[in-house]
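Protein chains in written order, with the UniProt record's numbering: chain A, 1 to 294; chain B, 1 to 466; chain C, 1 to 310.
Hints were generated in silico from the structure; no laboratory data involved. Just to be clear, a hint being listed does not mean it is correct.
[To be verified] Taking CB as the label site, the calculated pair distances span:
(1) B:43 to C:148: 45 to 51 Å
(2) C:156 to B:43: 40 to 46 Å
(3) B:419 to C:161: 20 to 26 Å
(4) C:59 to B:387: 46 to 52 Å
(5) C:161 to B:154: 55 to 61 Å
(6) B:435 to C:148: 42 to 48 Å
(7) C:68 to B:237: 26 to 32 Å
(8) B:317 to C:73: 37 to 43 Å
(9) B:384 to C:142: 51 to 57 Å
Yeah, the Cβ is synthetic: ideal placement off N, Cα and C, and Gly gets one too.
Take a look at the letters that make up each chain.
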Amino acid sequence: MTTKHTDHLLISQVSIDFPTPQGPFRALDKVDLRIEKGEFVSIIGHSGCGKSTVLNIVAGLYQATEGGVILDGREVNEPGPERAVVFQNHSLLPWLTAYENVELAVKQVFKGKKSKAEMREWIEHNLTLVHMDHAMHKRPDEISGGMKQRVGIARALAMQPQVLLLDEPFGALDALTRAHLQDSMMEIQATLGNTVIMITHDVDEAVLLSDRIVMMSNGPAASVGDIVQVNLPRPRNRVAMAESVEYMRCRKAVLSFLYERHGRKTVSVSVEDEEVQPARDNIVTLKPSTAKAA
Amino acid sequence: MSNTHATERRAFLKKATLALALTLSMGTGLLSTNAHAEIGKPEKADLKLGFIKLTDMAPLAIAYEKGFFEDEGLFVKLEAQANWKVLLDGVVDGQLDGAHMLAGQPLAATIGFGTKVDIITPFSMDLNGNGITVSNAVWEKMKPHLEMKDGKPVHPIKADALKAVVEEYKKEGKPFNMGMVFPVSTHNYELRYWLAAGGLNPGTYAPGKDDIKGQIGADVMLSVTPPPQMPATMEAGTIDGYCVGEPWNQQAVAKGIGVPVITDYEIWKNNPEKVFGITKAFAEKNPNTTARLVKALIRAAYWLDENNNANRKEAVEILSKPEYVGADKAVLENSMIGTFEYEKGDKREVPDFNVFFRYNATYPYYSDAVWYLTQMRRWGQIGEPKDDKWFDETAKKVYRPDIFKIAAEALIADGKMKKEDFPDFGAESGYKPATSDFIDGTSYDGKKPNEYIEQFKIGLKKDDKV
Amino acid sequence: MNTKQLFQTLVAPFLGILLFLAIWQIGAPKIVTSLGAVPGPVQVFEQFTGLIDEHQAARQKEVEFYQRQEERNATALAEDPNAEVSIRPYTGKATFFDQIVTSIVTVMTGFVLAGFIAIPLGIVAGLSQTVYAALNPLIQLFKPVSPLAWLPIVTMIVSAVYVSDDPTFDKSFINSALTVLLCCLWPTIINTTVGVANISKDLQNVSKVLRLSWWTHVRKIVLPSAIPMIFTGLRLSLGIAWMVLIAAEMLAQNPGLGKFVWDEFQNGSSNSLGRIMVAVIVIGLIGFALDRGMLLLQRQVSWDKSAALR
Numbered sequence: 001m002t003t004k005h006t007d008h009l010l011i012s013q014v015s016i017d018f019p020t021p022q023g024p025f026r027a028l029d030k031v032d033l034r035i036e037k038g039e040f041v042s043i044i045g046h047s048g049c050g051k052s053t054v055l056n057i058v059a060g061l062y063q064a065t066e067g068g069v070i071l072d073g074r075e076v077n078e079p080g081p082e083r084a085v086v087f088q089n090h091s092l093l094p095w096l097t098a099y100e101n102v103e104l105a106v107k108q109v110f111k112g113k114k115s116k117a118e119m120r121e122w123i124e125h126n127l128t129l130v131h132m133d134h135a136m137h138k139r140p141d142e143i144s145g146g147m148k149q150r151v152g153i154a155r156a157l158a159m160q161p162q163v164l165l166l167d168e169p170f171g172a173l174d175a176l177t178r179a180h181l182q183d184s185m186m187e188i189q190a191t192l193g194n195t196v197i198m199i200t201h202d203v204d205e206a207v208l209l210s211d212r213i214v215m216m217s218n219g220p221a222a223s224v225g226d227i228v229q230v231n232l233p234r235p236r237n238r239v240a241m242a243e244s245v246e247y248m249r250c251r252k253a254v255l256s257f258l259y260e261r262h263g264r265k266t267v268s269v270s271v272e273d274e275e276v277q278p279a280r281d282n283i284v285t286l287k288p289s290t291a292k293a294a
Numbered sequence: 001m002s003n004t005h006a007t008e009r010r011a012f013l014k015k016a017t018l019a020l021a022l023t024l025s026m027g028t029g030l031l032s033t034n035a036h037a038e039i040g041k042p043e044k045a046d047l048k049l050g051f052i053k054l055t056d057m058a059p060l061a062i063a064y065e066k067g068f069f070e071d072e073g074l075f076v077k078l079e080a081q082a083n084w085k086v087l088l089d090g091v092v093d094g095q096l097d098g099a100h101m102l103a104g105q106p107l108a109a110t111i112g113f114g115t116k117v118d119i120i121t122p123f124s125m126d127l128n129g130n131g132i133t134v135s136n137a138v139w140e141k142m143k144p145h146l147e148m149k150d151g152k153p154v155h156p157i158k159a160d161a162l163k164a165v166v167e168e169y170k171k172e173g174k175p176f177n178m179g180m181v182f183p184v185s186t187h188n189y190e191l192r193y194w195l196a197a198g199g200l201n202p203g204t205y206a207p208g209k210d211d212i213k214g215q216i217g218a219d220v221m222l223s224v225t226p227p228p229q230m231p232a233t234m235e236a237g238t239i240d241g242y243c244v245g246e247p248w249n250q251q252a253v254a255k256g257i258g259v260p261v262i263t264d265y266e267i268w269k270n271n272p273e274k275v276f277g278i279t280k281a282f283a284e285k286n287p288n289t290t291a292r293l294v295k296a297l298i299r300a301a302y303w304l305d306e307n308n309n310a311n312r313k314e315a316v317e318i319l320s321k322p323e324y325v326g327a328d329k330a331v332l333e334n335s336m337i338g339t340f341e342y343e344k345g346d347k348r349e350v351p352d353f354n355v356f357f358r359y360n361a362t363y364p365y366y367s368d369a370v371w372y373l374t375q376m377r378r379w380g381q382i383g384e385p386k387d388d389k390w391f392d393e394t395a396k397k398v399y400r401p402d403i404f405k406i407a408a409e410a411l412i413a414d415g416k417m418k419k420e421d422f423p424d425f426g427a428e429s430g431y432k433p434a435t436s437d438f439i440d441g442t443s444y445d446g447k448k449p450n451e452y453i454e455q456f457k458i459g460l461k462k463d464d465k466v
Numbered sequence: 001m002n003t004k005q006l007f008q009t010l011v012a013p014f015l016g017i018l019l020f021l022a023i024w025q026i027g028a029p030k031i032v033t034s035l036g037a038v039p040g041p042v043q044v045f046e047q048f049t050g051l052i053d054e055h056q057a058a059r060q061k062e063v064e065f066y067q068r069q070e071e072r073n074a075t076a077l078a079e080d081p082n083a084e085v086s087i088r089p090y091t092g093k094a095t096f097f098d099q100i101v102t103s104i105v106t107v108m109t110g111f112v113l114a115g116f117i118a119i120p121l122g123i124v125a126g127l128s129q130t131v132y133a134a135l136n137p138l139i140q141l142f143k144p145v146s147p148l149a150w151l152p153i154v155t156m157i158v159s160a161v162y163v164s165d166d167p168t169f170d171k172s173f174i175n176s177a178l179t180v181l182l183c184c185l186w187p188t189i190i191n192t193t194v195g196v197a198n199i200s201k202d203l204q205n206v207s208k209v210l211r212l213s214w215w216t217h218v219r220k221i222v223l224p225s226a227i228p229m230i231f232t233g234l235r236l237s238l239g240i241a242w243m244v245l246i247a248a249e250m251l252a253q254n255p256g257l258g259k260f261v262w263d264e265f266q267n268g269s270s271n272s273l274g275r276i277m278v279a280v281i282v283i284g285l286i287g288f289a290l291d292r293g294m295l296l297l298q299r300q301v302s303w304d305k306s307a308a309l310r
């Protein structure tokens, strides 16, 4: 609920080239984005447009070829716990329990700052926040996909990040679970007020969760195509929202960007195309309002 | 401690014994007897000795089983070795402290034919004990050429009978192959002696030209096979016959795969055979241990021949254990109790087939060493001409009756043995009198090796080079 | 368990063994070697009991050996109270069962040492492309070398380098263990490298985001995720180690089961074939047991209990 306009996170003129046998492939071209503290920003776009690449650059996992990312006045060029990532497929260490997975992160971030008891309390607190307190000592292979993703979020939150980066966090989940997690996410964000960048495929998810929706143009040389400001009051209720005019407007704006102005021309398979996952493509194409299938 | 004293005394005595060999002095003899009466504590008490699975390793097994080693304060482990090369390497690199060796091995090692290292032999393990066996097929072909009496062939069989067979092989373009156990083995020299005496050339070596197969100009191709594998190798047809120690000739009879044609007793009566070998360095570092080892071995050899071979049955019992020779008792008994089975059913008395103590079998005679050196020269393993002095010096470097004497005198002092059991140390020159107990009647005098070599029709002459 | 399962898990293996024994018992006497007819299972079992008797006899001899020493020492002390006396280790022959113990100790020594070298090396090679590139040609070169080719080199080097008046270990033991080590390094290195190199990108990213130190990264991420592959390598290595050891013992006459087989072959007595067959069966059983042992260990340390391990 910040009103002050500060450049909390600045993505400035970011371009990235990936080497290919045919020479460098420009995946992103001059991506520009300013994000305020506490803002929830979604990035949406077709598969292969480089949404995840943007996130990875912010996370510090990729280095921009040109331009850069500035967080609170300091340039980002390597990964760090102040920009916690929730990965597409939970990425929990399968040999550790939910508790131990969070513990690994907590120990790393709060070593010397929290006592053992404090850490323990903090880990349990975060797991409770994502409603995982009942299965703290289970291994990832003993819990469901949604639960795994909750643990993944708890792990990220437990790092007390300045920016929370969500890379299609709910993409692999069934619709019901997804809805539950989206609600949880809104609840958490309301409590903690984190700055969040979320990559998504799902138009409804973007509108429901975001303050702003950044729509990426298609690659190669993808860039920010347009931005939709979502002026819906919080807390938001998904059922009530469905009839809201603003909701419909935002939804339409995004859909028309995606399917009319930037309908997929070709399936671009670049070296970095990590989004070739049919399950997620289906989510988009199955939308009733889809005019033209990709 | 008294060790330094003992060493000094021994150093002096070594010289004294050498002098003694030439000039005999009763006085020195007495002095040494007194001085040797006590041998100090062994410098090294835990020993590992190697052997090859042959009946002539018996002194080692007996010294162990009868506690003779323990009586000397020695704790000996006996280990069977795969072949003579592995055994020699074991002694050279110290894995083995000593071993049952072919008489030629310490000599060859000292003169540098093969591995060059100083090995000495203070104890001779036995006389005789080898035989030459041919496959059944060869035997059938030899038979028509043999002199028969009462339906049995007359022994000794000379290689002349084999000559026709070899000729036949030659005509068919087939090589006639025979096995022996090692290039410097008694077996190699005995087999060569027997073949050459029958007019068959066993071929010569040429180490200078890197020819170490020993088949130059050969009528019969000789090659190396480890003793225990001889019967199997002949059975497989790789060789047509072999010369080996017991029980591997009797094994061929037992298995029905071949027929022994001659024993080495008939090639050279009471020929020296295996020796006990240790490195010179070991003997110098551990003089007490060395002397004590020899003591134990002398007692074992004595036990083996005692009361006219009375203990031989028990010896067979011991040798048949898998950790020693391991062959079946019936096979071992043949040679050990003084009989030898030629053709199946043709069992003959050979009371001196295996001699361990009689005829001073344990004493390391220089003349025995010289005989081996003459054979190495005759077959080209020694490529350069050598004068008689060299033969004598080399023999004295390797054969060490001085150590034997210390051990023997200690045994006499202990009351375990009598003076009469040994050669008269005061009078012994280390050279046996000239003998012509060979199958071809050639006379051998250890003091005149070059003259001896000159007598042979086949083989290198004293001035030949290879 | 239904009937079919019961048949497959219990009855079928039993029938297989029974059939094998029957063929063996009927067929063996028909093959007559120069050492007599090939022994059937019954005769081989007799040899086995014979070996047990021999072992017990040897133990009895050992007791007597120590008794004799004590008596000798007592006499020595009675004569001279200041005499230095000591009890020496038993010098008698190693029985079949002693040889089994020797072989197992040797193989485990070589194998464990190889593991200590191969796993860290494999991890480093898996993590660093450069190290891998440097190591790979060597691995490819040495991997196919037969133990029998290593043996002479190992023997020569050990006898040159390992010089001591009072060696803690026998040279023969070191030779065998080193030969085993050299031959069983490679599968573990290769499999560890592959296991480490194939750690999921996601987990690597997690490690990066958490800024785990190199050591924590290896401990928390690399090792656990490479464990299955490491164990695959270790099991291959142990299998090779056991085969290599027997061969090395036969060739170098180093104590162990290989030497037992060779000695029996050389003995050429009427019992030899049967005894060799006992040894062959025991070698097989131990090899099998070693593999099962590794499997149990893998189950113990692996996080993925559900994975099918065979």
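(request) Could you tell me which of the hints above the structure violates, numbers in ascending order? (result) 1, 2, 3, 4, 7, 8, 9
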